[in-house]
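Enquirer: Got chain A; can you put chains B, C and D on it based on the hints?
Below are the chains, spelled out letter by letter.
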Amino acid sequence: MIENAWLIPLFPLVAFILLIAFGRRLKESSAWLGILFTLGAFLLSVMTLFERLRLDHSASVVVDWLQIGDHLITMGYEITPLNALMLFIVSLVSLLVHIYSRGYMDGDDRISVFYAYLALFTFSMLGLVIAPNLLQVYIFWELVGVCSFLLVGFYFYKPEAKRAARKAFIMTRIGDVGLFVAMSLLFWQVGSFELAAIFTAVENNELSAGLITLTAILIFVAAIGKSGQFPLHTWLPDAMEGPTPVSALIHAATMVAAGVYLVAVMFPLFEASPAAMNTVAYVGGFTAIFAASIALVQNDIKRVLAYSTVSQLGYMMLALGAAGYVAGTFHLMTHAFFKALLFLAAGSVIHALHKQNIQEMGGLSARMKWTAALFFVGCLSIAGIPPFSGFFSKEEILLTVWQDGRAGLFIVAVFTAFLTAFYMFRLFFLVFSGESRSRDMNQVKESPSVMMFPMLILGILAVGSGFVHTHWFGTFLGDWLISGPASTYGAQAHSETWILILALVVSLLGIGLAYLMYAKRTWDHRALAERLPLAYRVLYNKYYVDEAYRYTFVSGLRGLGIFLNFFDRYVVEGVLRLIHGIMTGIGTVGAKIQNGQVQVYGITMVCGLVILIIGFIMAGGYLR
Amino acid sequence: MNGELLIFLILAVTSIGGGILMLNLTKVVHMVMALAFTFLSIAGFFFMLEAEFIAVAQILIYGGAVTIMMLFGIMLTRHNDQDESRKRGLKWIAAIGVVAFFVLIVLAIDGINWMPEETAFVENNTAQIGLYLFGHYVIPFELTSIVLLVGLVGAIILARRDRKLNKEGEAHD
Amino acid sequence: MTSVPLNAYLIVAAILFCIGLYGALTKRNAVIVLLSIELMLNAVNINFIAFARFGLYPGMIGQVFTVFTISIAAVGAAVGIAILIALYRNRGTVNIDEMDLLKR
Amino acid sequence: MDIETLLSYPWRIMMPEFTILGIVTIVSLLDLFMREKIDRKILAYISLGGIGVALCFLFVNIGQPVQEILFETYRLDGFANAFKFLFLVGAAVIFILSLDYVNGKDVPYEGEFYYLILTAVLGAMILASSADMITLFVGLELLSISSYILVGARKYHRRANESALKYVISGTIATAVMLYGMSFIYGLTGTTNLFEISERLFVAFHEQGQSFLIYFAFFVTLIGMAFKISVVPFHMWAPDVYEGAATPVTAFLSVVSKAAGFALILRFFMVAFIPLITDIEPDTGMWISLLNDWAFFIAIIAAASMIIGNIMALRQTNVKRMFAYSSIAQAGYILVPFAVAGELFFRIPHLFFENAFFYLLAYLFMNLGAFAMIQLVTQEEQSEDIKAFSGLYRRAPYKTVAMIFFLLSLAGIPLTAGFIGKFYIFMGSIEGGNIWLATVMMITSVISYYYYFGLMRQMFLRPAADRAKPLKTPLGTGIVLVFCLAGTILLGIVPQIAFDFIHLNFDGLDIFYPAE
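Residue numbers (the working numbering), protein chains in the order written: chain A, 1 to 624; chain B, 1 to 173; chain C, 1 to 104; chain D, 1 to 516.
Next up, chain A with everything else stripped away, as it sits in the complex:
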């Protein structure tokens, strides 16, 4: 099957064309068309994955595309272990989201357009992951961005959605420029876009250290833009204005992971430059803790998950920056599953309630048993409780960072794990436990089975997918991944029991704190105190513990979160506003000169001429 892997992206492309052409007539059944074609792509990906598991070399096919000067540019595809894994993840999540959307978007009169966009996105994403050269990567990279723009702005009648779509597009474009420049620089130096050729050149020391660092950092800038790393992260939470299945697919599992994927693909280049690795690690680490603290104070269910995504992507970057190729990729996979699950579950909640503020939710577990259970699974997984998948991948990251030897980053990683457990369970308790804080809960129903089914699959994967790489049973995934074409994928981490325990303890601490604060808060202690003075005292003491937590530790945390949120809103956005201001300034001045007076135009022309010549004289000293 592997030699036909190029067919995989074609399936969604055909679906896209069909949907664009006949979508209007197909109406609701366009969903099934989309699902069918994605299923085809998924089956092919599975076959490709299994075949690739047995092979010990990469399969690639290239054809000539065009000639620049004396350089030949090719197009083709390549199936390395990483590609095969990504194909599997992308097509699987895409398929599940396709199915889920059938329920979620039911009744929307633009469902065919939605499915067309989804198909286009799937095509671009699949095309991105099988690209063997940078140019192709860039092309699909752009396409993915366009699809994201379209899908975020799907609810075009909402002004926030429009603004968010534009923001997402422009911010990721800033990153894309980095990729474009890096690609051009590499082409200029190496004379080829082929990844293999670039890696060979890196290995043979054909490139100067400065250039390697520069291009690696430029590529990382692209990854920052797509993966929502600091400081280009602000678009991702806003992008939650899109439909929730889209958030699950694009802004949790696939497109945002493309940044991590890009760094992973270009890993040999990064490896060659310590400075670039440092940048990746520190930016990743900072983003992880930064976004996690912001997630503490968010009240919109999707925004919490969005900041969580930013934080987890930072985690992956941190792992990659600490030479943890396997750890980063592994977490990419498990995260794709459990975060997609969380988003879909959140979507299920939103679908039922039509609101997103978690302060107005609560007590949903009674009414939505399955959703609650699956959400719980997702939370356990992301918090890193064994035997859920997140535990293994997170542990792998901690191991890697520890063995890399930067204590500061390790502390950041551990603390982020704690924060993650805390805010996720805050979310869980606020939404599902206790009593409802909103009146009209009676109509709330569990979502239809067409939505539950994908969640169930993802739930199973969130539980089970961790076992492909554990230090107990064997590190299959890791061994297989580093059997890729390049030899410099970094070493695998070795197990350390104390880190394992530390990770677990930290997560449990976070969960416990969240439980104390948010699950028990609804307990009305005053009424109880009047009836049972003894119990009251005990409980009071317990409450005192709560208060102690609250006023020392927690308010510190919250304070950090609020501060960073503030920072995010005003400083990062402020810089963007400054850039905008400069542009508006130029525009205003330009418009002032362009006042309709043709003689002013003439004067500008003459002055321009004079300035040019004077500049020429100044620069060259041509006057004797």
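No lab work stands behind these hints, which were simulated from the structure alone. Do not rely on the hints blindly, as some may be mistaken.
As the list claims (entries may be wrong) - Partial selection, computed: residues in chain A whose CB lies under 8 Å from chain C:
{"no.": "1", "residue": "L509"}
{"no.": "2", "residue": "Q594"}
{"no.": "3", "residue": "Q599"}
{"no.": "4", "residue": "T604"}
Said to hold, decoys possible - Each pair of labels, with its calculated beta carbon distance range:
{"no.": "5", "chain 1": "B", "residue 1": "A65", "chain 2": "A", "residue 2": "N595", "range": "32 to 38 Å"}
{"no.": "6", "chain 1": "D", "residue 1": "Q64", "chain 2": "A", "residue 2": "L43", "range": "54 to 60 Å"}
{"no.": "7", "chain 1": "A", "residue 1": "L72", "chain 2": "D", "residue 2": "G63", "range": "49 to 55 Å"}
{"no.": "8", "chain 1": "D", "residue 1": "W11", "chain 2": "A", "residue 2": "W188", "range": "16 to 22 Å"}
{"no.": "9", "chain 1": "B", "residue 1": "L152", "chain 2": "D", "residue 2": "G22", "range": "58 to 64 Å"}
{"no.": "10", "chain 1": "A", "residue 1": "G581", "chain 2": "B", "residue 2": "L148", "range": "51 to 57 Å"}
{"no.": "11", "chain 1": "B", "residue 1": "L152", "chain 2": "D", "residue 2": "L509", "range": "20 to 26 Å"}
{"no.": "12", "chain 1": "B", "residue 1": "I68", "chain 2": "D", "residue 2": "F18", "range": "32 to 38 Å"}
{"no.": "13", "chain 1": "D", "residue 1": "L7", "chain 2": "B", "residue 2": "I68", "range": "39 to 45 Å"}
{"no.": "14", "chain 1": "B", "residue 1": "L152", "chain 2": "A", "residue 2": "L576", "range": "33 to 39 Å"}
{"no.": "15", "chain 1": "D", "residue 1": "I280", "chain 2": "A", "residue 2": "G405", "range": "55 to 61 Å"}
Stated by the list, open to error - In silico lysine-lysine, DSS-like type, Cα no more than 25 Å apart, as pairs:
{"no.": "16", "chain 1": "B", "residue 1": "K27", "chain 2": "B", "residue 2": "K91"}
{"no.": "17", "chain 1": "A", "residue 1": "K167", "chain 2": "A", "residue 2": "K27"}
{"no.": "18", "chain 1": "A", "residue 1": "K27", "chain 2": "D", "residue 2": "K469"}
{"no.": "19", "chain 1": "D", "residue 1": "K387", "chain 2": "C", "residue 2": "K103"}
{"no.": "20", "chain 1": "D", "residue 1": "K37", "chain 2": "A", "residue 2": "K158"}
{"no.": "21", "chain 1": "A", "residue 1": "K167", "chain 2": "D", "residue 2": "K469"}
{"no.": "22", "chain 1": "D", "residue 1": "K387", "chain 2": "A", "residue 2": "K592"}
{"no.": "23", "chain 1": "B", "residue 1": "K91", "chain 2": "A", "residue 2": "K592"}
{"no.": "24", "chain 1": "A", "residue 1": "K445", "chain 2": "C", "residue 2": "K103"}
{"no.": "25", "chain 1": "A", "residue 1": "K158", "chain 2": "D", "residue 2": "K387"}
{"no.": "26", "chain 1": "D", "residue 1": "K37", "chain 2": "A", "residue 2": "K162"}
We put the beta carbon where it would ideally sit given N, CA and C, even for glycine.
Expert: Same frame as chain A, but now just chains B, C and D:
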């Protein structure tokens, strides 16, 4: 000071004087007349430079045709118009730009240091021009006739007052 | 040997060119603006003729060039006036600073 | 020179021009003698046929050795053929567009409208295939004067009148400035033949020490010519004129006239000035030509055009005006290959021509396609505001998709012609070592996404309100759309075809070789 230099100086004064008058007069018609003066003086330069044909053409076309066309233009639009001055600032910027440009020109031609060669211009250089036009430069020459045709057509269709359309076709927007 | 150097002609031409340019950039009446541009072209002609006589490679070609510039400049002026007349019919003004419907 | 010498020249190489000239004559005579009531559209069809014939003659000319008539006042080379191909294709598209645009009320003189387009194209063609200053000048003026009249052809529109007057005034000032520069070039060389100029400038530079005068003449001439391609700071006429002119004329100005400007600048400066070796680097023995000195200033002009064009486009609400600014920025992109200095030019000179020409070709497809849509929508809505596009997807999904491709291409998104063009130019700039210009190019193209996507958003993300009726497409515009879409996508996906085609048929380096 010989005669040639004297004539040159007179012509220079009249031509530049005409231009400066144009800049300073207030009545539009007077401005045109001042420039006509300049155009005629320029024809004098051409005579001095042994370009008799061009000089005559200059008198006919600029001293005659263009000036009269401009006068017609004024008559057809708004006669007796006064050209009151514009905003000060704009004038100053224009003046600075133009003066700077002038200084640059002077710097550029200041470097010209070759001695004027005594050229043996053939007696009948008008015939020479004709030979060039119908030999060497016949392609641009023919092309110029198309330009003239285009100008003719354009002038007619733009300036003509067409009765048919004028009733309904009063200016849009 | 003539007594009037080449530079003298060039300077006169430069002055006339700049007067024309200044007029074109500051005069309000569109007819005068067009006429000022003609003055610029005339200055160019002086240059050509002077160079034809005293250039590095003197010859008739400068005069031939002038024939072309004169005829084409005349066409430009005619078209300009025609456009101005059409505009005057619709707007009732020839003042160039009142023509700012199109801007920004 | 007697008649036999005249007849001995290979006049048949001028067949494309003769054809256009003949058609102009026929159409003008027919227009004169046809009765008023007869539909003038027939004239457009005749002209269209004439352009087709001219294209055929052009293809006959392709591949012939470099030839010239009368001391290079007319010459046939790959460069000329390439641009003439561009002009004729562009003109054909514009004719089809005008067929759907022109109606008696807006443009009172339909017949004249058609043959003025033809004379303008004739001027452009001459411009592309002459190596003589006088012919270049006359060709340029034929193009310009025809364009002035075309812009003013909607004589009952105040905006059209105003824009025509602005165009004439700034255009003739630019001409005067250009001629002033040319007069100095003539003074230093005593000839109008570009090849001779090139040789004699060398003498003037090194033996006469006239370096500053040469630089001065160079700049003044360049600036006069830069007016045609509307780059900063000689761009300010463009938005006003584009807005005021009839849409097909705007398309003509932004594509054909601009390409002609590039042809002129390329020919003039490549042949006359670039071979002027001003110095030899003492260490490496490398030649330094005038190119090295001018590169920086061209780069500044290019960068300023990109920045100002794109930023000013952001604030436009009139779609034609927005495209005017966009075309200023695009001219900036095309200038980038000329701004890349020095040594690279002597190594791979053909890249300069090919990069610029490919972009012009891509620009022809995408911009004409976009203008076809603009014409369609603005005529239907009677409004040139961007809002006229709102909800277009509901009304005309296929056309919207086409328009999106044009916009994506203009923005330089992959898989479109615009991307490849921009990519080549970008790579050329990096290879030439001009990183900062490449950076400006990248950043400004990011800015440009903003307004192109603003237009796209209008088409997509807004409800069609009460105007949900489908958009009618005249046949001609439909053909243009399909043609331009095919070009945009083909050049984007298999650009090699175009490059091979250019490489095989249009050898841009021909301009340096005098005819045998």
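Enquirer: Each hint should be assessed against the structure and marked as holding or not.
Expert: Against the structure, the hints come out as follows:
no. : hint                           : verdict
1   : L509                           : violated (61 Å)
2   : Q594                           : holds (6 Å)
3   : Q599                           : holds (5 Å)
4   : T604                           : violated (10 Å)
5   : B:A65 with A:N595: 32 to 38 Å  : holds (35 Å)
6   : D:Q64 with A:L43: 54 to 60 Å   : holds (58 Å)
7   : A:L72 with D:G63: 49 to 55 Å   : violated (26 Å)
8   : D:W11 with A:W188: 16 to 22 Å  : violated (47 Å)
9   : B:L152 with D:G22: 58 to 64 Å  : violated (19 Å)
10  : A:G581 with B:L148: 51 to 57 Å : holds (53 Å)
11  : B:L152 with D:L509: 20 to 26 Å : violated (40 Å)
12  : B:I68 with D:F18: 32 to 38 Å   : holds (36 Å)
13  : D:L7 with B:I68: 39 to 45 Å    : holds (41 Å)
14  : B:L152 with A:L576: 33 to 39 Å : violated (58 Å)
15  : D:I280 with A:G405: 55 to 61 Å : holds (56 Å)
16  : B:K27 with B:K91               : holds (19 Å)
17  : A:K167 with A:K27              : violated (30 Å)
18  : A:K27 with D:K469              : holds (20 Å)
19  : D:K387 with C:K103             : holds (19 Å)
20  : D:K37 with A:K158              : violated (53 Å)
21  : A:K167 with D:K469             : violated (32 Å)
22  : D:K387 with A:K592             : holds (24 Å)
23  : B:K91 with A:K592              : holds (17 Å)
24  : A:K445 with C:K103             : violated (59 Å)
25  : A:K158 with D:K387             : holds (18 Å)
26  : D:K37 with A:K162              : violated (52 Å)
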